[in-house]
Amino acid sequence: MAETFVIVGAGLAGGGAAATLREEGFDGRVVLIGAEPRPPYERPPLSKEYLRGEAPFERALFQPPGFYGENDIETRFGVRVTRVDAAEKEIELDNEENVPYDALLAATGARNRRIPIPGLDLDGIYDLRTVADCDRIRAEISPGHKAVVVGMGFIGSEVAASLRQSGVDVAVVDQNTVPLRRVLGEEVGRVVEGIHRDHGTELIFEDRVAAFEGTGRVEQVTTQGGHRIECDFVVVGLGVEPVTEPLAGTGVQIDNGVLVDEYCRTNVEGIYAAGDMANHYHPVFRRHIRVEHWQNALKQGPAAGRNMLGKNEPYEEIPWFWSDQYEHNIQYAGFHTEWDELVVRGSTEARNFVAFYRKDGLMLAAVAINRGRDLRRSIPLIKNQEEISAAKLSDPDVDLRTLTRGASLR
Amino acid sequence: MRAFDVHGTEIAVANVGGAFHAFADTCTHRGCSLAGGDLEETTVICACHGSEFDVTSGEVLQGPAREPIATYETRVEGGGTLEVAG
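Chains A and B, in that order, are what the protein sequence lines are.
If you're matching positions, the first sequence starts at 1432 in this note's numbering and goes up one per residue.
If you're matching positions, the second sequence starts at 20 in this note's numbering and goes up one per residue.
Just so you know, these hints were derived from the structure itself, not from any lab.
Check before you lean on any hint, since a few could be wrong.
To be verified - Computed far set for chain A versus chain B, every beta-carbon distance over 10 Å:
| no. | residue |
| --- | --- |
| 1 | Asp1503 |
| 2 | Gly1575 |
| 3 | Trp1725 |
| 4 | Gln1726 |
| 5 | Trp1751 |
| 6 | Arg1804 |
| 7 | Ser1825 |
| 8 | Arg1836 |
Unchecked claim - Partial list, computed: chain A residues near chain B (C-beta under 7 Å):
| no. | residue |
| --- | --- |
| 9 | Trp1753 |
| 10 | Asn1801 |
| 11 | Gly1803 |
| 12 | Leu1840 |
| 13 | Arg1841 |
These numbers were taken from a predicted model, which means no experiment stands behind them.
The beta carbon of each residue, even a glycine, is placed where N, CA and C say it ideally should be.
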């Protein structure tokens, strides 16, 4: 009897895995299940061009709507998995359907973290994950309206920029000293702060929201530091958490997402995971890392699909993402949580630089502002874990491609 | 790679092993200059978001770009002039 491969989660990782199974010639049954009532799409435009009304949703679709039927991929969109029975190898859906599986890929992604703040349930307070969330925020955009953005991570920073670009007055509240501090640190965050300041955003750092206040609908935000900000609406961006509940009771190991090895396999035979919810053992960094970005979903989903087919290919892409804010292009590659040295090539003042995060002389990651070519040329250095002198890295006359052994930029 | 303004259109020219390839310099994703990226054999990599195009056909090899870039025929004239035919 033909095998059945079930993919739980119809984001970019799940959609990519389904497409890959067919590209690789799998001729069994493929079932793609997603909680959102639409086919897989890319989320980066939701905080940028789609939020600003510059691009239609169709441009964000991973594949044309007809793709799944044409490729004999069964879809269940707007359907949730209520239980995975790993012993019987069967899943239960909330449409009362049961689907048996031979292999299962969990790609359920992440959900926005909800921090309990008084007044969070008032109307006019939004967060951003799905296109439906984005449409609700778009409906509030009107020149002269005032928004408060809570949290200046990547989503908050991009939303703040897009709202300003749409003529909305913006105040931001963040508990750190500068935007993006948790990932990029003080020095680089300071540059991003300057960008937002230049665009007339009211910046409130080292402070937290005390309460959202209003009658039925949010009218003002008060902070612990004593600020009182009148507003028309609020966007909260305080991070995400992996969605792992469907795998409860399967015996799959969960620790900051679903633990998988370099082949995207969980500890339970026949169950794989990829994308935002997978805490994946990365052969280059020699540790588990969980990545919540577009490229990881785009590439790890297909990698998991190939491994479901027994290809035994370790997934070892270097994580990479971009963040466009106003006219500035920010890119990051690698993975770091701590560093003991930051080497800068270019000028932070001119907002044209790449900065390398190093620990014990090893390059773990790089971030660039308006210097994307050097960022891309840094990826092989990270992948090969080269030990390179800080003098060479910081010298703009040294072509970064010459510092590593013949690695492709692709 | 270098980009040239040809009657109001930015056209990039890449030299791949002595053969000249001309193509639209403007990335179809968000409009960055492709000549500001890198070239590996016949693949141009956009510096802004990593989209990759085949400079011989214009085809997208790697997103986020969806639409191909225009490509143009080239001819080297006497006196070292490169002619690009639209």
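Against the structure, the hints come out as follows:
{"no.": "1", "hint": "Asp1503", "in the structure": "holds (24 Å)"}
{"no.": "2", "hint": "Gly1575", "in the structure": "holds (28 Å)"}
{"no.": "3", "hint": "Trp1725", "in the structure": "violated (8 Å)"}
{"no.": "4", "hint": "Gln1726", "in the structure": "violated (8 Å)"}
{"no.": "5", "hint": "Trp1751", "in the structure": "violated (7 Å)"}
{"no.": "6", "hint": "Arg1804", "in the structure": "violated (4 Å)"}
{"no.": "7", "hint": "Ser1825", "in the structure": "holds (20 Å)"}
{"no.": "8", "hint": "Arg1836", "in the structure": "holds (15 Å)"}
{"no.": "9", "hint": "Trp1753", "in the structure": "holds (5 Å)"}
{"no.": "10", "hint": "Asn1801", "in the structure": "violated (9 Å)"}
{"no.": "11", "hint": "Gly1803", "in the structure": "holds (4 Å)"}
{"no.": "12", "hint": "Leu1840", "in the structure": "holds (6 Å)"}
{"no.": "13", "hint": "Arg1841", "in the structure": "holds (6 Å)"}
The structure fails hints 3, 4, 5, 6, 10 (numbered hints given earlier, in ascending order).
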